[in-house]
Amino acid sequence: MTLVAGILIVLGATFTMLAGVGALRFSDVYARMHPAAKGPTLGLLLVAVGAAIELRSLAAVLALGLVVILQFLAAPVGAHLLGRAIHQRLPLQLDEVDELARDLAERDHRRDV
Amino acid sequence: MNRLTALSLRVPVLLVWFVVLWESLWGNFTFANLFSGVVVSIGLVLLVRLPDADLRSYRGGRVRPLRAAIFLVYFVVKVVQANVSLAWEVVTPRNTIEPGILGIPIRDCSDALVTLIANAFTLTPGSLTIEVLEDPTVIYVHVLHLHDPERVRADLFRLAELAVKAFGTTEALAQFRPPPIAEATP
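If you're matching them up, the sequences are chains A and B in order.
For what it's worth, our numbering labels the leading residue of the first sequence as 1, then goes sequentially.
For what it's worth, our numbering labels the leading residue of the second sequence as 114, then goes sequentially.
One or more hints might be untrue.
[What the hints assert, rightly or not] So the derived list for chain A, only partly shown, Cβ under 7 Å to chain B, looks like this:
id, residue
1, Phe15
2, Leu18
3, Gly22
4, Ala31
5, Thr41
6, Leu62
7, Glu99
No lab work stands behind these hints, which were simulated from the structure alone.
Virtual Cβ for every residue (Gly too), placed ideally from N, Cα, C.
Make a model of the complete structure from these sequences and hints.
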């Protein structure tokens with residue numbers, strides 16, 4: 001059991017670390033946000049499951065479960081807010097598909113008419 | 114149930130829920146914890162505007178447990194897949210990133226369900242929700258690998274469909290049925 005828990009915790013930490021490396025290595029703000037949002041979420045899930053297996057007490061499982069649920073709710077919301085702020089300031093390059101800019105322009109146009 | 118009774122029912126339920134949350138996050142039950150929990154909960158309920166976040170929409174959405182389980186399993190598999198592919202992307206020197214932003218229209222869903230779908234998009238492979246517009250509701254996602262936009266779109270639709278099947282209304286479900294043959298063929 002300790003072995004399983006250990007493997008899960010190390011795996012979780014590895015995903016989180018790789019996400020950190022990805023956030024450094026990727027080329028632009030948007031790409032950097034992908035690992036920053038996804039990595040720690042699964043990482044924390046794995047660490048929490050590992051810790052729950054090792055601790056095996058109801059209070060610990062309850063608290064860890066809450067931690068995971070709150071992380072799954074909070075991490076994407078954070079990324080969402082960051083992404084929307086970036087998009088308002090920094091449009092994509094011209095050759096890239098950007099349906100958000102297209103639709104925003106269309107909505108503006110409809111409001112003006 | 115009118116708005117006022119709904120509200121007066123909701124506040125005590127929220128209070129109890131927050132205190133339970135507080136206690137379980139501390140991990141042990143003491144009277145000092147209970148007291149601080151009650152104080153923090155009352156502060157939260159009074160200071161923060163808490164919009165109704167029921168997964169079932171007011172228009173007859175419901176939770177279908179089996180469908181919810183299918184969604185959860187599919188979602189967890191996708192989360193793992195997302196992380197494995199990102200990890201691979203990080204450790205290999207090749208750069209295959211071709212970014213873009215796609216709009217995914219979602220009809221007839223409650224705010225809570227739209228939030229769930231938007232969050233699910235962020236945690237699944239290659240997509241990250243950056244904006245949600247309303248009237249009509251469209252979720253905009255930043256996509257890392259946009260070599261085949263229609264395939265990415267189909268994947269995201271599939272995820273949204275599973276979420277709507279688990280929690281959505283019958284009207285919301287209708288949008289995922291294939292269009293009639295007459296429309297499909299040009």
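> Regarding the hint that glycine 22 of chain A lies at the interface with chain B, is the smallest CB-CB distance below 7 Å?
Replying inline: holds (4 Å)
> Are phenylalanine 15 of chain A and chain B close enough, Cβ to Cβ, to be under 7 Å, as the hint says?
Replying inline: Nearest chain B Cβ about 5 Å off; hint holds.
>> Does threonine 41 of chain A hold up as a contact with chain B if the rule is Cβ-Cβ below 7 Å?
In response: With a minimum Cβ separation of about 6 Å from chain B (threshold 7 Å), the hint on threonine 41 of chain A holds.
> How about leucine 62 of chain A: closest beta carbon in chain B under 7 Å, or not?
Replying inline: Holds, because the Cβ-Cβ distance from leucine 62 of chain A to chain B comes to roughly 4 Å (cut-off 7 Å).
> Measuring from the C-beta of glutamate 99 of chain A to each C-beta in chain B, is the shortest one below 7 Å?
Replying inline: At about 4 Å, which falls below the 7 Å cut-off, the nearest Cβ of chain B leaves the hint on glutamate 99 of chain A intact, so it holds.
> Is the shortest C-beta separation between leucine 18 of chain A and chain B less than 7 Å?
Replying inline: holds (4 Å)
>> A closest beta-carbon separation below 7 Å is what the hint needs, so does alanine 31 of chain A meet it against chain B?
In response: Constraint on alanine 31 of chain A satisfied, holds at 6 Å.
Comparing the model with each earlier hint shows no violations; every hint is respected.
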